[in-house]
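A.B. asks: Each chain, letter by letter, is given below.
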Amino acid sequence: MTSNIFDLPGIEISWCPGCGDFKILDSIKQALVELGLTPLDVVVVSGIGQAAKTPHYMRSHFFNGLHGRALSNATAIKAANPGLEVIAVGGDGDMYGEGGNHFIHTIRRNPGITNLVFNNMVYGLTKGQASPTSQRGFRTPVQVEGVRAHPFNPVATALVQGAGFVARANAGDVEATKDVIKEAIKYKGYALVDIFQPCVSFNPVNTYSWFKENTYWLDDHDASDFNGAMALALSGAPFPLGVIYRGEEGPTFEESLAAYRSDSTPLCRRGAARDAVRELIDGMCS
Amino acid sequence: MTSNIFDLPGIEISWCPGCGDFKILDSIKQALVELGLTPLDVVVVSGIGQAAKTPHYMRSHFFNGLHGRALSNATAIKAANPGLEVIAVGGDGDMYGEGGNHFIHTIRRNPGITNLVFNNMVYGLTKGQASPTSQRGFRTPVQVEGVRAHPFNPVATALVQGAGFVARANAGDVEATKDVIKEAIKYKGYALVDIFQPCVSFNPVNTYSWFKENTYWLDDHDASDFNGAMALALSGAPFPLGVIYRGEEGPTFEESLAAYRSDSTPLCRRGAARDAVRELIDGMCS
Amino acid sequence: MTYPFPRDEGEATCVISGAAGLGIQTVEDMLARLVVDSGLHIFGSREYMSRVRGGNNSTELRISTSRVDALVDRMDILVAMSRNVRANIRERIGPTTVIVGDRAELGEELDGAGGVFVDVPLAELAAASGGRIYSNSVAAGIVLGILGIDPGRAADYFRKRFSGKKPEVAEKNSAACLAGHEVGERLVEGRGLFSPENGSSGVGRAIINGSDAVSLGAMAAGCNFVTAYPMSPATGLLSFFAKHAGRVGAVVEQTEDELAAINMAVGAAYAGARPVVTTSGGGFALMAEGISLAGVVEAPVVVHLSQRPGPATGMATRSEQADLELALYSGHGEFPRALYAPGSIESAFMLAQEAFRVALKYQTPAIILTDQYFVNSFHNVCPEELVLMEGPSPLDETPADYRRYEDDPSGCSPFGVPGLGLGIVGADSHEHDETGHVYEDFKLRRRMQDKRMRKLRGMSSEALPPALYGPEDYDRLVVCWGSTIPIFREALSLLNLKGVALLAFEQVWPLHQSAEQLLKRAGRIVAAEGNSTGQFARLLRAHTGVKATDALFKYSGLQFSVEEAAEGLKGVLSGNGGGSR
Amino acid sequence: MTYPFPRDEGEATCVISGAAGLGIQTVEDMLARLVVDSGLHIFGSREYMSRVRGGNNSTELRISTSRVDALVDRMDILVAMSRNVRANIRERIGPTTVIVGDRAELGEELDGAGGVFVDVPLAELAAASGGRIYSNSVAAGIVLGILGIDPGRAADYFRKRFSGKKPEVAEKNSAACLAGHEVGERLVEGRGLFSPENGSSGVGRAIINGSDAVSLGAMAAGCNFVTAYPMSPATGLLSFFAKHAGRVGAVVEQTEDELAAINMAVGAAYAGARPVVTTSGGGFALMAEGISLAGVVEAPVVVHLSQRPGPATGMATRSEQADLELALYSGHGEFPRALYAPGSIESAFMLAQEAFRVALKYQTPAIILTDQYFVNSFHNVCPEELVLMEGPSPLDETPADYRRYEDDPSGCSPFGVPGLGLGIVGADSHEHDETGHVYEDFKLRRRMQDKRMRKLRGMSSEALPPALYGPEDYDRLVVCWGSTIPIFREALSLLNLKGVALLAFEQVWPLHQSAEQLLKRAGRIVAAEGNSTGQFARLLRAHTGVKATDALFKYSGLQFSVEEAAEGLKGVLSGNGGGSR
Ligand SMILES: Cc1ncc(C[n+]2csc(CCOP(=O)(O)OP(=O)(O)O)c2C)c(N)n1
Ligand SMILES: Cc1ncc(C[n+]2csc(CCOP(=O)(O)OP(=O)(O)O)c2C)c(N)n1
Ligand code: SF4
Ligand code: SF4
Ligand SMILES: [Mg+2]
Ligand SMILES: [Mg+2]
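From first to last, the protein sequence lines are chains V, S, A and D.
Quick note, the first sequence lines up with residues 292 to 577 if you use this note's numbering.
Quick note, the second sequence lines up with residues 292 to 577 if you use this note's numbering.
Quick note, the third sequence lines up with residues 898 to 1478 if you use this note's numbering.
Quick note, the fourth sequence lines up with residues 898 to 1478 if you use this note's numbering.
Bear in mind the hints are in silico, worked out from the structure with no lab data behind them.
Accuracy of the hints is not assured; some may be wrong.
Unchecked claim - On the chain S side, residues computed to face chain A include the following (Cβ under 10 angstroms):
1. SER305
2. THR417
3. SER515
Think of the CB as a built atom: it goes at the ideal place given N, C-alpha and C, for glycine as much as any other residue.
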């Protein structure tokens, strides 16, 4: 990729050489540039994991919080200042495992944030245990006889929670992934992009070529058709890539907050509502 | 209901008069009796909430744990002693809100437990805040302008996680609810019954008559058809009642544990594996 | 018959006991308003079971010609609305307690319980006024009659309270109240316990409970972001903010769980909001990791931790002071925090502001410890005594070379937020460099840990001193914190013992430097706490070396009463041992 | 040229430094095995960055003719496998450090760093043996050559290690090792640092790291239920049990989060399993509510809390001792718990068993505190010194009138489980009656809280005493706990100061009654801890009143070394101040 304003110079990236995360990072930065955004417009929010290191490798505002909690941080940042472009990134363990409850309920809330999940079907940072999306039979030092739980389906789960924008991409396809990310960012409400990502160190099964062979880019799919989207979401391999569902843009979480009903000032510029306090106390006097 | 061996004599039940929970309690006890179970066979596990008080109102083993965590307790109890009939009960807030992450991942794991959710679309015990299943527009002292989040759909969410048995019932229909609960208990793997339950104190919208008018019992539905089940699950009101999906009985969580591979003794009867320890230490000597 | 009402004492205590769902709250509110409007002081406190209908709850109302702010056992009047009056109420019936009840409801259960029973056909009177559901207003009327308060104002009150409903609701309540008032007047033979002359126009007119006092203080401090998961007894703050969200411009959201609540708060603080979360011990336990996050990202987050008895679910609607150590030590790793525990409505309002001031200045968590007793108790206060501190200062725009974690002798880096200025603003849960990026370096680690911990110095130097009540030249000291303060203060003034003073802490961490010397001057120290192990005494010993010689602990689920405190202190100070209740 | 290797000292320390992913772990394991098989003692310790490939990690191997169990700074040999050797290693290069490295990889970066550089074409030699990936075995061979250890055994070792792979893997590793060995022999001019005579057949042959020692102890105690969410540095126990689940008959499950892990453990304990959960500070913080649940339902749950620097994510792969107060106070409400902090492999094995014994006997949580340094360090031990305590006794069948929470002077009710006997077994997170049913009664509350807290008496009376090392008639005392114990023990024996002793705590709660007297006998007390505030010293003061006069704190992310401990103590004890590092 060519250099861009989101590059953070002079850093050492601690991902393994060949990791799919490098490609996703490129896709993200390129998407932001093409959307005409600047580092001061964007807050990248993440939890903990290899994917979650992303904000340390690009130039923009960032909040790198706890494992599993990025969606809560991101929702709040957006609610505190709706003018910011908030992007929550993380791994499959982070977003769907530890953070699973926030995944569900954040979608139901519909904040205007973009959620990018680097789905390598494994816990990378902690050295190779199964993640919720690990395929059945996947062996690890903890799942010694292979994973036996039903793999988590983020696309279908998101659809059931009422997500307005649900997409899937493949780290290996940088250009196409970038385009999907752009669409996701442009979508007003909550937008999920689950991005297949090869982990070259701990996932010897779901490799670049596996993802190539087991996915296809959607062609003329009507993304506004919920039932069609659901059918695609529930289909096994080969997995469809691209925008699977794009619903109408209903009101977002932050739009419906009483706090902004008569005043669009972000919270950081507001003082204390001292008059209201005096009035409320007065109200308690009679 | 007639008296049965699961009655707990001499207790004061703290539910509000007229609460749907009384009816569900009757359905449960009757189902257990009809299945020929005794109080010593059954462990009723719950979290916190009105629904979660159930184990205090019947005679059987019980574990009343924390708000939101009953499925974890229940999974463990079943895994520690697969001979026990383990039933996890709780409210919509308990199971789908605070416990949402366990709901998803317990289903993926497929322990042989029965999960009964008393879904009154409100937080009863804490006096009337919205729950994940509250319908849009529902007003409460916290949701003063009405709920705006997408209502949580437990049936569809469970299906997406691979649940083998998913049903819905209505507290008002004691007999039919009892039958569904029986089916759920008989099913080998994880079985969900989401039971519509009127809260006469805090939910003036979703009343006995509302549930009557907005539901219908499934007639000749092929419960083995996943796609059909999914379509039913996604349909809005009127909501179908009965067994929505009944898949094949695959291996349960506890069945696939290495601990029981060559020894079916429950953990409470096992001693320490001291020989194994000696052997492992020997292995570290060379 | 003449009933043994307290006369000319300037004080009367009335307890209303009854099943949940009977509208006792309305009685309580109405009486409080009318009492205060009559120029009298009031204190009210509720205890209730963990159920929505049925059971038996009670409200104590202390009416007095001077300030009252503490729970008493004394019970001059008991209005028993429902059968199965619970033991904690029965035990308080004394020879002079006048029990008002409807024998049709109570049967003979209070026969032989002591006191003087007055059979009043509450249900019948209510039915005559429009329906049995108005029994509560009949009862309220009776109390008004006994107190000698003009029932005319009740009609105004009901009109206001039920303004959203059909007018007949207010009318029927008024009628019921009037019917009750007649009964009450008859009981006191037309001579109410208080006469208009007892009242004073200088009485503080605001009736505020502990929960609202904390909420108002938070609002005054500019709190504009509230996330919480409902949990008794902490939900009040969430509902209060929800109700006024538009008016005060605050984001208010009920979250899916406590983890979301605290992590939203930390995210919001990063973005320049002033957040509060409200919870009880169990929810706070779940927030521990998030508190630690606030510590390392240096986020100003305020937590309202309203205590109830644990462990685990414990007693969901009861009171205890057993989460001090949880509040102080939870969260992994080491970082500074401040802990406040208000004892009165005025200080709750002030300390909530102080918590925000300190959290914002030192960019670290501050925790307000209350308990069920405190949040559900109210007393009347003068609005003028609710001090509005200086509000938060506007945030500076960041310069282009802004670094979030710039080192500073105070430990406090200039606070910048995204969207305000030219700088990049980073926050990181790892150990990080000045820009907030993760960087593994052992020297950097020490520098950053030192920077954060250095804030504790400033926080200590600004800590609020404990208040000393009683003689300066004490040789015995009673130490308490938070909601027990007014109770022990009153107990001590009742006892009027020479050489005994009360040392009352409303900031419980960091400790004010005077604490050590004040403690060391005492030959004997009684730790009076609402828990079973003396958590605050342990904290004091850990930091001053001074050991409490005696203990007075209560952990039954109820708060100490003044009488109990007095009796306990008498026992302890006379060497007969204190122990726990 | 003759290199300045340590000769006739009976000890040599070799550090291997290199990027993650180069197979340093294999080198470490192989060398350790061969060293011990040669009758020598070994201690090994790893420090590593939070990344999977690249960066620079290091392993220290101390080889000695007598027992070694503590980290040192001393570095006789540095094998630098990758460029960008990190500062913490560079700083340890002394004039006599022999640095083995490949100039093709390192360039000139170590020129001027001190020491004596030996350029060895590691990559070339490896390539000649079958591929550059065998560089690690070349390096291992060099070390063997220097030490004077027969490389023949390496071939056996590789065959065993790679038995699952193609035979050529073992062969190529052996060849690479032999090639390296030749180089090593040349460096010592054929005279290895140790000769076969140095070895002793009495050397403990088991090579066990801290993590496995805890796991083995848990297994020995009958642990049969393991739930955890992966988290460095605590995952080892989970993997160890997963590997041997079938063999030991244990249920092992990776959960969706830490809340599930602890709640499964409590459920399992209720059903009669003997559970352990393993986690680090952040995960433990999330478990706080579950710990409180274990307290009130009286569930025997053991937690392995392996510490790393916080707050929050902190330094994920580094070491600290800053979660003591978290472990002691987290969880709301008050309930008894026991805390252990092993200092050696032998005691980790023993204390894990003790934790289960106490948890099972007192039906309450027990926590084993380790840290990254401890779990990733190993030394050789005699299998005979790994004491197998008495195993758990079989559970009794419940009688028909069984009541789970029957009161008992000891606080411990007879333990029954569902499915074993004729009784109904209930467990409840609320305050409850004897049968486990929720029941709101203030007297019951006190009785039950008293019952639970009474267990602490028995637990205190059975607490393990701190160990005193050094003169009985000390006037100065160094106090430490957990993993720092062997380090300070060695430091003190190096210093050999008169009147100075070490008081070492491996049970940190409840405290053994001897602690107070032992502390009071000292005129000066140095608190030596791996944190920035002296958590254990604070605990000691809170319970004994005795204040540490001096502090030696380390919180850089690395553990103290023996030299650093010695130097620090010298400074402190000579009055030049200690302070933090
Ligand atoms: C509360 C908590 N639990 C566990 C961890 C340890 N941890 C860090 S990242 C991670 C999982 C990483 O997997 P994933 O989210 O899929 O990211 P990846 O590394 O694969 O990109 C875990 C378990 C933690 N940091 N915090
Ligand atoms: C950690 C924690 N958070 C909050 C609570 C308070 N709480 C108890 S029950 C409940 C919700 C009850 O709603 P639901 O589960 O729907 O049950 P219902 O009462 O409606 O049957 C809440 C929020 C708690 N006990 N523990
Ligand atoms: S471990 Fe896997 S996910 Fe992590 S950086 Fe390496 S290749 Fe990428
Ligand atoms: S509050 Fe609602 S759910 Fe709870 S007992 Fe009453 S009616 Fe039932
Ligand atoms: Mg992953
Ligand atoms: Mg509910």
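A.B. asks: Return the numbers of the hints above that this structure violates; sort them in rising order.
C.D. replies: Those not satisfied come down to hint 3.
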